[in-house]
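Peer 1: Build the complex: two chains, separate frames, hints provided.
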Amino acid sequence: MPSSFGNQLQSRALACIIERIGPYPFDEVIVLHNVQQRIRNFSIVAHIDHGKSTLADRILELTEAVAKRDMEEQLLDNMDLERERGITIKAHAVSLDYKADDGQLYTFNLIDTPGHVDFNYEVSRSLAACEGAVLVVDASQGIEAQTLANTYLALDHGLEILPVINKIDLPAAEPERVIKEIEDVIGIPAEEAPQISAKNGVNIHAVLEMIVRDVPPPVGDPDKPLQALIFDSYYDPYKGVIVYIRVKEGSVRPGDTIKMMATGAEFTVVETGHMRPNLLEPDDCLAAGDVGYIAASIKVISDARVGDTVTLKDNPAPDPLPGYRKVNPMVFCGIYPADGAKYPDLREALEKLQLNDAALSFEPETSVALGFGFRCGFLGLLHMEIIQERLEREYNLDLVTTAPSVIYKITKTSGDVVYIDNPTNYPDPGTIAQAEEPITNAHIFSPTEFVGNIMDLCQERRGVFKDMQYIDAGRVDIHYELPLNEIVYDFFDALKSRTRGYASFDYEVMGYQKSDLVKLDVMLNGEVVDALSFIVHSDKAYTRARKIAEKLKEHIPRQLFEVPIQAAIGGKIIARETVKALRKDVLAKCYGGDITRKKKLLEKQKEGKKRMRQLGSVEVPQEAFMAVLKLDE
Amino acid sequence: MSHLIGLYLHVPFCLRKCGYCDFYSRKGNDDLYDQYTSALLAALGRYGDAGSYEADSCYFGGGTPSLLGPKRVGTLLAAVEKTFGLHAAEITLEVNPATVSLADFQGYRAAGVNRLSIGMQTGVDEELASLGRLHTAKDTVRAVEEARRAGFENLSLDLMLGIPGQTEESLGETLSLVRRLSPEHVSAYLLKIEAGTPFSLRPADEFPGEEAQVALYQFACQGLEEMGLRQYEISNFARPGLASRHNLKYWNGEEYLGLGPAAHSFLNGRRFFYPRDLEGFLSGKEPVEDGAGGDFEEYVLLRLRLVEGLTEEGVRARFGYSIPQRLRRRAKPLAATGLMEEDETGLRLTRDGFLVSNEILARLLAE
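For the record, the sequence lines run as chains A and B.
If you count by my numbering, then the first sequence holds residues 1 to 633, one letter each, in order.
If you count by my numbering, then the second sequence holds residues 1001 to 1367, one letter each, in order.
Just chain B, with the same shape it has in the complex (with noise of 0.2 Å):
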């Protein structure tokens, strides 16, 4: 029987560092990019003869993936659908509004990528200029404009929240932009400062404060909500139907190979993933090993992410058994509490619970 994973293929390009961003990227060329597409193509052939895997997505993610352009996208597609079939499936491309044409969109669609996220993360170009963003807003509006143009039916767009400077009035004019572009799909991730970034350098009281940052997350779950996009997670937003059918793998605890420097995989109860090591990746270092996965505690660390969260059909699918009685008894103080939700259906976080999810896992899970 075949599995059906997801395939991520990680671009470590960047024309320039952001400095919130602590993803593995490089700066790259042409010749880098070449290279960089025969190690993805390397990788991809060491699963060519397995035949026993199918993907039914398939996620460019970066980096700025959208650097490698249409004909190395369109090489690797073709790899890609060779290996693992991609029948029907949804074919995602990270892109950023300032490096793409309507040329460039159109050589993609016609590549086979049928989803698009494209990275707004706000309508204020204050805010970008401060983010260190090389687009502005109107970049955005023509990028929406042109991949429409073009024919791309499923976008999506990432949002940042708890820009230095952004206040609920400025995110109100950021959700205004969006409800104007009327995206399928919105990620709206709260900036979380990371170690070493040049962020993490910066004082603090230059970033909205905690009780700001809540305010924030909260007014732009609401205004997305408004227009129609449903929250399903944590940080992403979809109409019915369109949630992000990638991401959703990792929610469910599904399988999917990661390809490229900093990429991570789960097949067969194993979790691996390349180290972030660019030559590393292109002289053909195998992935190193990270442990089993998929395990009842995992499963409900990723499951309460979703608004769904987790559910006795889900669990006893998936395990044979019922919710554990001393989940559910922990998870009934916070139920009370209104951070949570425990039924005969299952448990879920609230809003104001995914806002603390990672203490309220701790309780639920702690030994």
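Same shape as in the complex, but just chain A (with noise of 0.2 Å):
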């Protein structure tokens, strides 16, 4: 038989082999195709609370790469946060062995994704270390619009898609029903599908040996030079950063100098080795096909890029893989330490958070109205409140958030193009050519006794109707164009209210469009408070206006003088409000010289104050701030 490798010594990928496997009596090409074959690399998709993570937990027992007493709920969701909302926030990736029916012990690769679209593009970069992804659909729920993105992903990547039906132990599962619906909508046979019960344990066997039979071994050819697509990356505080990788051609080994062909940098490799539950298992190398982790004394998280591709430097690839591309935040808010010498903590905070998370950004940002903060910027909504979630839970800070504002594209009489994320920034109307705003692709499924609400909902947001698909009988999906600006502004909250839970949401940016913006500022007493400024389309000024004027009253307690709230466009008042002057706040009796009830009801009228920002003369609470982001209510 040919030998494509030359040398057996000469061979990096056979050494590497032979030294995991030990010698093999068998020719080195069998011995590598073989050792491919029995590698299976998949991913699961699903949508929120349909039992991906429950899924992956069986999975994990049932290969017995943990021992039933050391498993908690949801192995690999390994923050605090993500276990509570049942999300996966991090891609998570881990290496089982599973002895199939056929008697081989095959390695499995199970790279779990976050399955929301903020981290569509993360999303998209495992899957593109995968060769399959199973398909997990709830049994009484169907297919959600996240469901179908990540799906349409996947088939994007060539990936093949194995479905599973999960939750058939529950009352209302129709499987029946949604194995059609997986046939109708998506177009692939279902007929075959396990019917499981991830939380019960039900069938799971079946998923293993569907994940043996059809997910395609990978391919590639170790002695190539190296292409290694990083999927994910974190930093260890010992190790510096940990880069996972699918290596799909070449090998790479400790001693290496590696290249990022994207940034250019280039590091010795330390370690590499394998993901295993709770713990990096190191090994001598990893060669095309395989799954693993390379530690080079990285020290930020920036040089080893989600999408970059990892080669040698001494032998390096002539291209990179396709597909990188540098992720750019969507969403910005100005976050500020509700206690202004909090400031350095949050910084520290944000940093620490920016080590594993190079999606997020973070610059220095002053506001009259909050003091020293940041203006950070974020995928989306969901990576927005998780990182204020993260820094409030895992830093125990107490924050305080400007109103959420996306990127305008502003194009000035004089010609030049300004891009703006931050209201306070917005140029003089005057010297405004042409503003525009990012457009969304908006899928949203729901039951159809809502689709009246969510049109209306929809048509309030300033959304264009673009078609409406029946997913079956009872379910569609409502496709819009929504400007993101309206997304951003509490418009998960909106659709949960108005559909009882039960509709999906699902965007993509889709690019610039004109559109006629103004910049609305907020007065108290006369003076205009930066941090309540925001920009917003004409139409929407007036009732935007209104509300944000009836919150701030609703939220500012009454004052030693009045207080006029007031809404502006320009120099021109929109809407008006006034907190009435506090006139009666006395202890008319000291009850027997019982001067200490006075002392204490004047410690809490004190410590009340610090929950106060002091704007000019006025004081205003920091939920004032938080309730004039959700208006609809």
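A few of these clues could be false.
As the list claims (entries may be wrong) - Computed footprint of chain A on chain B, listed as stretches where at least three residues anywhere in the stretch have a Cβ under 8 Å from a Cβ of chain A:
1. 1093 to 1103
2. 1174 to 1181
3. 1285 to 1293
4. 1349 to 1357
Said to hold, decoys possible - Facing chain B, a subset of chain A residues (Cβ under 8 Å, in silico):
5. D585
6. L587
7. A588
8. K600
9. L602
It should be emphasised that the hints constitute simulated quantities derived from the structure, not laboratory data.
Remember, it's a predicted structure, so these values are computed and weren't measured experimentally.
Cβ coordinates follow ideal geometry from the N, Cα and C atoms, glycine included.
Peer 2: Structure (structure tokens):
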């Protein structure tokens, strides 16, 4: 049999494999072929709550990668936040050994992807590391917007889709209906799909055998120049950045000098290995078809960007793998410490989060109203919420955030084009020749009974109806073009409340569109509060201004003097409310010399003042800043 | 050197509890009054050897102290005099108009009481009924006349503002009656609905609203001033020189000793109080520590209750420094809106300022 690798001793790849599996009595090609043949790289695609993480847990159990007693619910979701919200925020990968019914031992590389649109790019890179995707659909819910979006992503990457019907234990389960839905909507056969209950561990074995049978083994030549796709990375305080890779071609081992093809950064590999549940297991080499990690004393995560291609400095691949792009933040907001003294803590916390999140951007910002803080950029709303929540929970910070903003594209009369992500920097209207805003393609999946409500909502949000398709008799896919700035403004909450939580939603930014935008300023006692300014379509300005004024009136306590609340465009007041002056707040009597009572009352009032921001002469509670972020109530 | 202190004796008994009251009081009987008098004497005895305290005011508050009767009050005052001197002291007894006869007044006068605080509340009978008071306006008139006849030259009337149904018109009637009775002192308190009292269960719309209360307060202040009763504290008015010496001790940050359940004390820089527990007091339980007192912040919050306010002179005498600039800086915008006055002699609240004094203090003293 002809060997493509030449001299056995010179074959890095074979040496690597032999070190791993011991000397084989076969021809080297057969050895390699056998190893690759027994690798299955796959991910699980599902809508939130459809049981992705539970299924992953069952697979971990059945492959005996984790002893039952060590099982913690949803093992792959490491963060408290992930477990609590039932969402996967970061990609996770784990290598498992599975002894199949055919008697062979297989290596399963399970790559769990975040299921949310904000992390679309990361999802696409994770999928690009796989040959197959297990599509989990809830037998009682059917296909949802995100399921479809991620399934299409998987199909785009040429992945084999393996449908699985989950939650058959539920009384409302309708597996036959869901099978038909998968066949009709996605257009793949689903008759053979295992019907499982991940929760109760029913039929998981069938899923594992399906993975062996239907996920194609990887291909790739271990002796070609290295091409490895980075699909995730995280910062480890001892080893530096741990880079998760899928080796497409070639091989990599400790001592190699690697080069990141997009950023050009070079490093010496210190360690390679496989991700086992709860630990990194060093191995001497990673070769084509493998999923594993590299540690190379990389200090900053931006040197190991998701989507980049790792190659060898001395024997570089001619081209990087396709599909790399630098992810750019889409949504911005100001984040301020409630207590100004915590500014350095906030900076440190953001720096730490950024170690693991190249998509998070931040730069110092000063607000007259809120003091020193940071302008932060996020992939989307969920990303923003997650970062805010992690700052508050993991770093114990009390935050005040400003309304989220998108990036507006402003062409000035001078011909200059500026991108504005902070309303404070919005140019003088007289200097603007044209304003453009980002527009999205949005799909809403919903039971038919809510179609009217959804269309009303989208209409209110300046949506342009594109089309509507029936998924089955009871459910529709409503397609709208929606301005991103309407989505970032409590759209999810509004959608949830108007569809009793039954609708699912997905969007992608499709480009910029000319728009009639204005900057709305809010004034308290005649002074503009910079943190409350925002950019809005002129049609929406009056309604928004009125609602904001009402909300502020609700949340600003009465003060020693009357506080006028005004909303203005340019110099023109378009909404006004008044917080009446406090007239009576007095302890008329001192009870039998009980001064302590009076002192306690004072302490309580002083304590209350700590949660207030002093804006000129007006005291504004932090809740007021948050309340204007939720107007659809 | 001996301390000049005020003495407060709490009498926690009432014939019946008024719906708005959250003072500590119980139903009593002669046996209990005797026991209680003994307990007060015992408590007084504990300060007997101290020798370092001298009282120039003694105040019987309640409850309804007049329930004790002249004899017990006399016994107590004799003991107080023995312990604390009571030289040229102001000796006040709170009196419920419905429960005191001419003979009682004479008895109290003979026992040494020289000032009465009469719980008039209002001169309108419907309002008295709505407060659940047992007396009528007529009883007040009779009580004042009999007190005068018994030789009392220093009378204070307690008024209440913000009573259900009270209007400027009805308050006008009350003030006319006050003018007729010509007291030396008036306390006019805005009714505060205390949690846990029967009044707190009544619908809010039965009570005058905030603006109406403000108007009643302003109306009362003006009416009282017009009859020569000068406002000297948020709720207190007096003819010149007749401000309550006892109450001024509270507002000036001076020392006082309170005996009886729920009575508070400030002595030697410490605040302490007897818990609201009659049985405990009867069995001789000691008062409870309530922390340090007398710091600058406390002084500010007390002094700003007075019309005179926080004076440079007073602050310098007590603390040895002048009014901090931070305080002045914060007072200036409030002065600009008419809630305070700020000048070289000091800081003070205006009448509008008094009405929102809690909020002003929080602003002035916030960290």
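Peer 1: Are the hints correct? Go through all of them and say.
Peer 2: Each hint tested on the structure:
1. 1093 to 1103: violated (count 0)
2. 1174 to 1181: violated (count 0)
3. 1285 to 1293: holds (count 3)
4. 1349 to 1357: holds (count 4)
5. D585: 4 Å, holds
6. L587: With a minimum Cβ separation of about 6 Å from chain B (threshold 8 Å), the hint on A:L587 holds.
7. A588: 4 Å, holds
8. K600: 10 Å, violated
9. L602: This interface hint holds because 6 Å falls under the 8 Å limit.
In terms of the numbered hints stated before, the structure departs from hints 1, 2, 8, listed from lowest to highest.
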